[in-house]
Structure formats: structure tokens, C-alpha cells
Amino acid sequence: MPSMIFSRRTALALSAGVLALGLAGTAASAAEIKVLNWQGYGTDEKWALEMFQAKSGHTVTHDYYNSEQEMLTKLRTSPGVYDVVLINSIYVGDAVKEGLIQPIDTAKITNFADLSPVLRDSTSFNHDGKAYAVSWVWGLTSFAYNSEKIKAAPDSIATIFDDAAYKGKLGMRDDAVEAVQIAALATGQDMNNPADLPKIKERLMSLKEQMSTFWSSEDEWNKHLAAGDFDIAVYWSGSAARAKKAFKLPVEYLVAKEGAIGWFDGLTVATKAPNAEAAHAFIDFMVNPEFYVKWDNDVGAPASANLKANAMLPEDAMNRKVLGDEATLSRVKFMAPLSDDQRKAYQELWDEVKTAIAK
Amino acid sequence: MSARQRQRQAVTLLTAPAYLWLALTVFLPLAAMLYFSFLTVPPIGNRVPALTFEHYTAFFTKYIYWYNAWRSFELGLWVTGICLLVGYPAAFFLAKRISGRWREALFLLIILPFWSNALVRTFSWTMVLREPLDLLFTYPAIVVGLVHAYLPYAILTIYVALQGVDDSYVEAARSLGATKVQTFLRVVLPLSMPGVLTAVFLIFIPVIGSFMEPRILGGKNAIMLGPIIEGQFMTAFNWPLGAALSFVMLAIILLIIALCSPLIRRYARVG
Numbered sequence: 001m002p003s004m005i006f007s008r009r010t011a012l013a014l015s016a017g018v019l020a021l022g023l024a025g026t027a028a029s030a031a032e033i034k035v036l037n038w039q040g041y042g043t044d045e046k047w048a049l050e051m052f053q054a055k056s057g058h059t060v061t062h063d064y065y066n067s068e069q070e071m072l073t074k075l076r077t078s079p080g081v082y083d084v085v086l087i088n089s090i091y092v093g094d095a096v097k098e099g100l101i102q103p104i105d106t107a108k109i110t111n112f113a114d115l116s117p118v119l120r121d122s123t124s125f126n127h128d129g130k131a132y133a134v135s136w137v138w139g140l141t142s143f144a145y146n147s148e149k150i151k152a153a154p155d156s157i158a159t160i161f162d163d164a165a166y167k168g169k170l171g172m173r174d175d176a177v178e179a180v181q182i183a184a185l186a187t188g189q190d191m192n193n194p195a196d197l198p199k200i201k202e203r204l205m206s207l208k209e210q211m212s213t214f215w216s217s218e219d220e221w222n223k224h225l226a227a228g229d230f231d232i233a234v235y236w237s238g239s240a241a242r243a244k245k246a247f248k249l250p251v252e253y254l255v256a257k258e259g260a261i262g263w264f265d266g267l268t269v270a271t272k273a274p275n276a277e278a279a280h281a282f283i284d285f286m287v288n289p290e291f292y293v294k295w296d297n298d299v300g301a302p303a304s305a306n307l308k309a310n311a312m313l314p315e316d317a318m319n320r321k322v323l324g325d326e327a328t329l330s331r332v333k334f335m336a337p338l339s340d341d342q343r344k345a346y347q348e349l350w351d352e353v354k355t356a357i358a359k
Numbered sequence: 360m361s362a363r364q365r366q367r368q369a370v371t372l373l374t375a376p377a378y379l380w381l382a383l384t385v386f387l388p389l390a391a392m393l394y395f396s397f398l399t400v401p402p403i404g405n406r407v408p409a410l411t412f413e414h415y416t417a418f419f420t421k422y423i424y425w426y427n428a429w430r431s432f433e434l435g436l437w438v439t440g441i442c443l444l445v446g447y448p449a450a451f452f453l454a455k456r457i458s459g460r461w462r463e464a465l466f467l468l469i470i471l472p473f474w475s476n477a478l479v480r481t482f483s484w485t486m487v488l489r490e491p492l493d494l495l496f497t498y499p500a501i502v503v504g505l506v507h508a509y510l511p512y513a514i515l516t517i518y519v520a521l522q523g524v525d526d527s528y529v530e531a532a533r534s535l536g537a538t539k540v541q542t543f544l545r546v547v548l549p550l551s552m553p554g555v556l557t558a559v560f561l562i563f564i565p566v567i568g569s570f571m572e573p574r575i576l577g578g579k580n581a582i583m584l585g586p587i588i589e590g591q592f593m594t595a596f597n598w599p600l601g602a603a604l605s606f607v608m609l610a611i612i613l614l615i616i617a618l619c620s621p622l623i624r625r626y627a628r629v630g
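Chains as they are written, first to last, in the numbering used here: chain A, 1 to 359; chain B, 360 to 630.
By construction, these hints were calculated from the structure, which means they are not laboratory data. In this text the structure is predicted, and so the values were computed from the model without any measurement. Keep in mind that a hint or two might mislead.
As the list claims (entries may be wrong) - BS3-like mimics (lysine-lysine), calculated; alpha carbons at most 25 Å apart, straight line:
1. A/K199 x B/K579
2. B/K579 x A/K169
3. B/K579 x A/K359
4. A/K208 x B/K579
5. A/K344 x B/K421
6. A/K201 x B/K579
7. A/K199 x B/K421
8. A/K208 x B/K421
9. B/K579 x A/K344
10. B/K579 x A/K167
11. B/K421 x A/K359
12. B/K579 x A/K223
What the hints assert, rightly or not - With the Cβ distance kept under 10 Å, some of the chain B side facing chain A (calculated, not the full set):
13. I403
14. I423
15. Y424
16. L478
17. F482
18. F496
For glycine and all other residues, C-beta sits at the position ideal for the given N, C-alpha and C.
The following block holds chain A by itself, in its conformation from the complex (with noise of 0.2 Å):
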């Protein structure tokens, strides 16, 4: 297989050699493209932006957020700085409505027509008739577990949380919005309009001694497992296979009877991008199979929205074996949009949770 990607690539850098010749008048356009996304997610893998710059010409760069709210805050406080910018789909609303990204030329998506319509056409990437936001890869929000520790892997988020085998080794992302739709999900709730939040804050303080420590980045969670901080803990489907892959650690991922919570992500363009043209390019590259398969395979990826991709993994790939089973898929609830009020709401619940966790 290697061997096959290299010739692929090999060919592929002499048939770019050859455009540049051909273009050579062009050359000058060449730009340098500022990419706003999670680090280690994909767009910043160095391979990637080699095999771009071979093929366009561009350069990219890239600046981190650690939470939406802080991409988003970004985006208002340095417009004209930011060509591509990786938004939640939950989130696409808030940007376009606030006129953070602009309108994507889907014709200049040459890979579109490939993309599940499922997530493609959804009501949150498509406003006023125009696509904002070109989805690019999906993935659950559920638990992972280190497979050394714990041999027969929990079937319910019940046990999860009251387990005494789990005593003190449970670990939770320091996020006010997941904690609340994880617990709505184990109290049976609707994951996006809870009924019962005193319920919800209920549950989720009854974990104060279950609960080792909350985490807050993909490199916090690998170190906490490795380390023994934790052995089951709510994580990212593609950080999960990434964990296992890129840095051999012994996980495995689950999804529990009372659901997971599934999101999407889309690659947009910011309103005022100094490179529109070329961060077009850019996010045609990255919803390309030929850059996705590569990156499963290597490193570790959620799911593609690119269905030709996902038919390219291996048999054996997470995002084949667990993501692509019917029956765990309809157990996946997909993320509503959440007014300002709700997550002002969450906050404070959260923070009350963690208040009594602490005391």
C-alpha cells in the first residue's frame, strides 16, 4: 500500500511539475493562506501542506483555538486576517448571521457532488439557498476506554457513572454543552431541548467520586490515559482513532445504549479572506480522497464526509467498523444550534457541578 501512495504522490508531484510549467505565467499568484482550526486536526499535518503546495502552489499557516467560543471570538476581533476557518456545525449559523464567513463557490468544489447529502445539504451549512460551510468530516462524542484496564468494555452510560469499578478513574471534558448532553442522554432526555435540567445537574454532581479530573485538549486526554489518570473518558471519535494509531496507546471506543452525541464539521471562508481564491483550493484538497485516506490511515481521522473515501479505508478502520455500523448510527443524536440563553444556562450549571465536585 505505502509503496502505491508513493508512486500515487510521485505522480502526482510530476503532473503538479508539469502544471507549473504550464502555468508558469501564474506562478506570481501564489498566496499564503491562513488556516483557523484545532491544532493536530488535519490541516496542519505537514505531508498534507507539502502535497498542496505541490499542487497550487500555496503556502499555508495556521493559528489554533482551544473551544468554538474562542474561533469565533477570533473571527470577530481580526477580520481580513483568516482565509479558512474549520466551524462545528452548530456554529455555522452564529458565523453567518454575524457575517463572519462568507459564501462558498461550490463550484469551485470540484469533490461536492461526492459529499453525503446527509450533511452536505443540512439545514445548519445552507442559508438563504447559498452553501456557507463545505462539510468535511463527522464523528460521535462518547466514551473511550483504555483496553488494557478495562477488559469487557461497558454497554450503558449507567454504568459508566455508578460502576464502583470506575470509582475515581472517570475523566469529562471541561465543557459546559457536552457535560449537559452526555447526562441528558443517561437521564433518557432529548440531547438538544432538555426538559430537566435540575435532573441533569443532579446526575452529573452524583459523579463527584467517580470523576478523576476533567480535561480540556486531545494531547490533555492521551497524556491523562497513558498516565493512568483516567481509563474511561468521553472523547472525540477521530482523536479516539488517532490515540490508537498515531500514538499507540491502548483504546478503544464505545457507544453506549442511551446514545452518543454526533456533530459535523464544515470548512468555511472568512468573510474578509485576503485569499478567497486559493482557500477554496485549499478546502477542495482537504475534502479530496486522495488527502483523506492517506490521513486515516497514517495518523488517525474522524469520518469523511467524502463517501468515496470512506469506501477507500481499509475494512478494519474504526471509522469503518464503528462508524459505518447501522445499528450504532441510529443511536447517534446530531447537535442542534443552542441559543445564547441555553449555553448561559449550561454554564452555570456546569459551574455549579463542578463547584460541588470541588468541595
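For this one, chain A is given, so just place chain B on it according to the hints.
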């Protein structure tokens, strides 16, 4: 123009850039935040803010805010107290008992933490606290990390104060019949108080606002007012509440300084 007038003019001209710079970099952002703290929503994007006092009343009416403010204060007391308890004897020995090369070497060791990045230092602590000590993600872990970070302030300021205490005062007290303990309590300690007070302010104020060390070392015990304010800015997009909580904190600190000012004036005169 008299010489005096000319001098005043020169001073004004020479210090003006510094004051202007301070006004621009400190006062303006603070003023913007003060304005934000009275709005219902941040005036960013297409939101239409209205004036409100609700974020200030929230601090006093909602348990999580004032309780966590108290947690921050408690942490400040612990860290400042331990820094003084450890730092004073260390500074005393450095100033009065050790000299020459040894003193230089010890100084280097004390200042060393300052040269490393705070984040790196904190992550190094996670390793030590996890394995042999089994303290990671506990309250003492936060205290240990912060004491290590702020101890140099205590040692250095108290050292400077003790250097200024003339040894002949000690000899005089001893020759007049004071015991060693009496000499220390009645002569040396009062004379070194300016250093102690400086250390208290240098340590207490940043510690009650700290959020990085609590989060990394404290795990689930990390919640304080600092991390709550950070959460309002970084995850809830509730800048007004975050700003209001910061200003309440600032007001409380100023109140404490005002209450302590007779003490400060007294010892400042002695020093």
C-alpha cells in the same frame, strides 16, 4: 521662567510618554471591560446590548460566584502564608548567616524558577505529584505548584529588607539584655516588615486570580473565581458576566489594600 518652573516643565515632558502609554495600554482596555460589565450581551456581531446591573447582583445572589471567590481567597491565604513561613527563614539565613560564593549559588537556585516558562514548570510538577507523592488533582497540589512559583518573590523582597537592618541594632538589643527571641520579635521583624508586606501583595493578588495552575494541578478541585471568569470569556461567550466578576474581584482587592493602609504607612515610615 524660573528654574523651578522649567524643571517642572521638563519633568512633565519627560514623563508624559510613559503616562500616555500606561493610559493607552492599561486604562483603555480596562475602561472597555468596565463598560461591557454593564451590558446584557457583548456588543459584538449583531447583538443589541442594553444596560443592566444584573451581573453585579449575580455575584452576591448566586452561591457559586461568592463561594468560589472565597475559595480563591482561601487559596491566596494558604499560598501567601506558606511562602512567608518558608521564605522568611530562607531570606534570614541568606542575609545574616551566609556570605560569599555560597550566597551567590543559593541566589541562583532561588531565581531559577523564574527562568523557566510557567506552563512547563507546572507540567513538570504534574509528574512529580503523580508518581511518588500521589497528590495530583488535589487541593494541596495547587498550593504546592503556586508556592513554588511565588516563593522567590517572598525570599527576594524579605532579603532586601533584612539587608537593610543594621547588625549593630541587634548587638545593642542583646547588650541591653534582650533574649534572641525578643531581639528578633522586637527589632529585626518590625524592621523587615516593609519587605514582608511587599511580598504579601506581590503574591496574594496574582494567586487569587490564577487559573492555569489550578486547572492543570487541581483537576476536579480546580474551580475558583479565576477559572469561572475564564469560562465566561472562553466557553460561555458571556463577557459581561466575566468582566463584572473581574471588577468585583478588583474592588475587593482595593478594599483590602485600603484596610491595610495604616499598617503599610506605619512600616513604610520605619523602612
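We went through each hint and held it up to the structure:
1. A/K199 x B/K579: OK: A/K199 and B/K579 at ~21 Å, within 25 Å.
2. B/K579 x A/K169: It holds: about 12 Å lies between the C-alpha atoms, which stays within 25 Å.
3. B/K579 x A/K359: Measuring from Cα to Cα gives roughly 10 Å; hence the hint holds.
4. A/K208 x B/K579: holds, 9 Å
5. A/K344 x B/K421: With Cα atoms ~14 Å apart, A/K344 and B/K421 stay inside 25 Å; holds.
6. A/K201 x B/K579: OK: A/K201 and B/K579 at ~16 Å, within 25 Å.
7. A/K199 x B/K421: Judged against 25 Å, a Cα distance of about 19 Å means the pair holds.
8. A/K208 x B/K421: Satisfied, since the Cα-Cα distance of roughly 21 Å is no more than 25 Å.
9. B/K579 x A/K344: OK: B/K579 and A/K344 at ~21 Å, within 25 Å.
10. B/K579 x A/K167: Distance of about 14 Å is within 25 Å: holds.
11. B/K421 x A/K359: holds, 17 Å
12. B/K579 x A/K223: Roughly 16 Å between the alpha carbons, so the hint for B/K579 and A/K223 holds.
13. I403: Nearest chain A Cβ about 5 Å off; hint holds.
14. I423: holds, 5 Å
15. Y424: With a minimum Cβ separation of about 8 Å from chain A (threshold 10 Å), the hint on B/Y424 holds.
16. L478: violated, 12 Å
17. F482: Holds. Min distance 9 Å.
18. F496: holds, 5 Å
Of the numbered hints stated above, the single one contradicted by the structure is hint 16.
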